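Asks: Listed below, chain by chain, are the residues.
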Amino acid sequence: MRSGAISFRGFTWRPVGRKNPTIAGLDLHIEPGERVLLVGPSGSGKSTILHAAAGALGTTISGEATGDVSVDGRLGLVLQNPADAIVAERIGRDVAFGPENLGLPRDEIWRRVDAALAAVRLDYPRDHLTSALSGGEQQRLVLAGVLATEPDVVLLDEPTSMLDAVAAERARDAVLAAVGDRTLVVVEHRFEPWLDHVDRVVALDPGGVVGFDGSVAEFLASGGRPRLWMPGAPPPTPIEIPAEFVSPAVVPEAVDASDVVLTTRMIRGTRRHRALSGFTARLAPGTTTAITGPSGAGKSTALLAMTGLVRVSGGTVTPDRTRMRSRELAREVGWVPQNPELGFLTTSVREEVERTASVLGVEVEADELLALVGLERFAPSHPYRLSGGEQRRLAMISALAHRPGFVALDEPTVGQDRDTWAVVTGWYTAAARAGAVVALATHDPDAPRDVEIAVGEAVTAT
Amino acid sequence: MRTLITRVNPLVLLSVGAFSLIGSFAVRSLPVAAVTIGLYALAALIFLPTWRYPLACLAFSGFAAVTIVYSTWRLGGQNTEVAAVAGLRILVLAWPGSVMVGFIDPGRLSDYAAQTLRLPARGVAAFSAALQRFSGFAQTWESLERTRRARGVAPGRHPVGQVKHSGSMAFALLVQAMRGASSSSIAMDARGFADARGRTWAEPATWSRMDLAGLALAAALGAVPIVCFFAI
Ligand SMILES: Nc1ncnc2c1ncn2[C@@H]1O[C@H](COP(=O)(O)OP(=O)(O)OP(=O)(O)O)[C@@H](O)[C@H]1O
Ligand SMILES: [Mg+2]
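Heads up: the sequence lines are chains A and B, in that order. Residue 25 in my numbering sits at position 25 of the first sequence; the count goes up by one each step and never skips. Counting the second sequence from 1 gives a position; my numbering is that position plus 1000.
This is chain A alone, in the form it adopts within the complex (with noise of 0.2 angstroms):
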């Protein structure tokens, strides 16, 4: 008999500091060689169900599991964020890991490490810098190291959600080629392209139920279930998020940036990299500008220059905003960062939205602000104890709460279902109609906007 079977029976998991279990009473099970799409609102346990496989629960993330959960046969494993799981700082020697923990033989190894390598469609030399890799890339190489182990089931938590559509499809077809016919689990919000390539839909509601469970024909002809993104379905409508959470409390002022180039130092100052070259764009109050481009091209960084957080290597910003102290700057600009972890600054999720307004001296309405991005219950929990989608709806009204004259997003629509999309977008299309200055660096193309800039190519090396 093949292995590559997941089953739960009756499990149930209440992690630390929660009333409530977030899944309650799963019972799951999936075939050898299936390929499973899973899918649900934000936070209603995808990642805790990939997780509960991994053995994880209840071992390194603290909680109370009851019920059974098995893994037939060796399980492989892509977390929401791959730079966690690069263990090397070469790439050959990372793909490498896992079959040395297997005891392999060394010719062994590194024909394993070739054949991942080839699989996920990375071809750069044995010896390339792990830290020289895009988000993309990064995660190609996790699953890499993930193959090279020859593991019966995979488990992907939102492979494709950093990537612009181009890249996406590279990524999701590297995936499916590398996979085979070992049993595939994937986690996606945007998950329109994965039906072609699966056998079976799980859709979980809200709470860590399933909702749905069946073919994709049935899943299309049931209608689907609330939040998810339906293929076919336009993009939902911003919600109107009322003028007195988002009119700016500073005269907003443009933005203008002018051939803006900037390089920076890797490994100990032996090698630069061009981070971007020749960006020009004025932002203008009452106006939403995205930045686009794709997958490495510096949209991240264009949108830092322009705030004042980094310094340019050439060409100039106006205001130039480097040298202020930081609560003027804090009041004048509002900043999303990408990855939202690094940005909390307390160990309660109502703090956090209290934090930069109080040190301003600016009143705010932490219960009601929670309430609109729908994290009110969450209040007293810890940031960290949320899932993806929650924690940047946090890090975004806890960057904007004090209503800053230039709200600058970076990624902001990215693990969102679309009734949280619905929020987020509201909450930018809402202050650009106060009058503030509005930027994002974004891949979603249904992310509303007035003006579009690009970004050049990818820029390499130099």
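If you are wondering where the hints come from, they were derived from the structure by calculation, not from laboratory data. All figures in this text were calculated on a predicted structure; none of them were measured in a lab. Ideal Cβ positions, reconstructed from N, Cα and C, are used throughout, including at glycine. Hints may be right or wrong, so weigh each one.
Quick list of simulated restraints, FRET-style, between CB atoms [what the hints assert, rightly or not]:
| hint | chain 1 | residue 1 | chain 2 | residue 2 | range |
| --- | --- | --- | --- | --- | --- |
| 1 | B | A1177 | A | A243 | 55 to 63 angstroms |
| 2 | B | R1122 | A | E363 | 49 to 57 angstroms |
| 3 | A | R126 | B | R1122 | 18 to 26 angstroms |
| 4 | A | L129 | B | T1080 | 40 to 48 angstroms |
| 5 | B | R1122 | A | S3 | 23 to 31 angstroms |
| 6 | A | S62 | B | A1041 | 31 to 39 angstroms |
| 7 | B | L1021 | A | V16 | 40 to 48 angstroms |
| 8 | A | T12 | B | D1195 | 25 to 33 angstroms |
| 9 | A | A243 | B | F1060 | 46 to 54 angstroms |
Cβ-to-Cβ under 10 angstroms is the rule here; a few derived chain A residues that face chain B [as the list claims (entries may be wrong)]:
| hint | residue |
| --- | --- |
| 10 | G55 |
| 11 | A96 |
| 12 | V113 |
| 13 | A115 |
| 14 | V142 |
| 15 | T307 |
| 16 | F344 |
| 17 | L345 |
| 18 | A357 |
Guided by the hints, dock chain B with the ligands onto chain A, whose structure is given.
Replies: Relative to chain A, chain B with the ligands alone:
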């Protein structure tokens, strides 16, 4: 010459630090201290691909040295020479090692630690994966600082504020490292690390002639103050 450093084995690089540490105990007079530091600086100029990085390390160990000089001067009867020697001794002790660490590839180090030194395989592999995370630390620090600035909580020019700020940043970094570590351990276990028995190594730990020459050079540099100590 200047890329040799990336080709010698990591134990040789570590030995540079170890020998300088042993040698530092024999630094007892100003001329010896000056000669030793001079020779290390010369070696750095000849063998390292960049001079900025060793200079940065020098600045860091120099900071430690200056505090030692000052306290020795205060407590040691305000004798300038004794104080200067104490400071330079710290430089000899810390500088070469701190520079070398920056050039060590954690993966290669674990090959040698496990195969030449025969340390336990699982511990070595875990350690090397943890070291790998350190290379991302500078970047993480930058991002943390940036978010804090954007959120209005970075310090002004006031020194007390600065110190408090570094404290909270270090704490944030620690939390971040621990969170990263728990996801890392999930990811590592999902690649067979949890039940690795009889782990193998993708690359052998060999000792070339160049490695031996490097080891000899490291020993010679470390021996300079010792020889001087006995000769004078
Ligand atoms: N480490 C944790 N400790 C406590 N609770 C957590 C933790 N991580 C997630 N949760 C909670 O468990 C629930 C499910 O989270 P999970 O991360 O599985 O959601 P998800 O479906 O993956 O969402 P997203 O699409 O936003 O990534 C959420 O309510 C979340 O707040
Ligand atoms: Mg998730």
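Asks: Now tell me if each hint is right for this structure.
Replies: Hints, verified against the model:
no.	hint	result
1	B/A1177 <-> A/A243: 55 to 63 angstroms	violated, 41 angstroms
2	B/R1122 <-> A/E363: 49 to 57 angstroms	holds, 54 angstroms
3	A/R126 <-> B/R1122: 18 to 26 angstroms	holds, 24 angstroms
4	A/L129 <-> B/T1080: 40 to 48 angstroms	holds, 47 angstroms
5	B/R1122 <-> A/S3: 23 to 31 angstroms	holds, 25 angstroms
6	A/S62 <-> B/A1041: 31 to 39 angstroms	violated, 51 angstroms
7	B/L1021 <-> A/V16: 40 to 48 angstroms	holds, 44 angstroms
8	A/T12 <-> B/D1195: 25 to 33 angstroms	holds, 26 angstroms
9	A/A243 <-> B/F1060: 46 to 54 angstroms	holds, 51 angstroms
10	G55	holds, 7 angstroms
11	A96	holds, 4 angstroms
12	V113	holds, 7 angstroms
13	A115	violated, 14 angstroms
14	V142	holds, 7 angstroms
15	T307	holds, 7 angstroms
16	F344	holds, 8 angstroms
17	L345	holds, 6 angstroms
18	A357	holds, 9 angstroms
Violated hints, listed in ascending order, are 1, 6, 13; each of the other numbered hints is respected by the structure.
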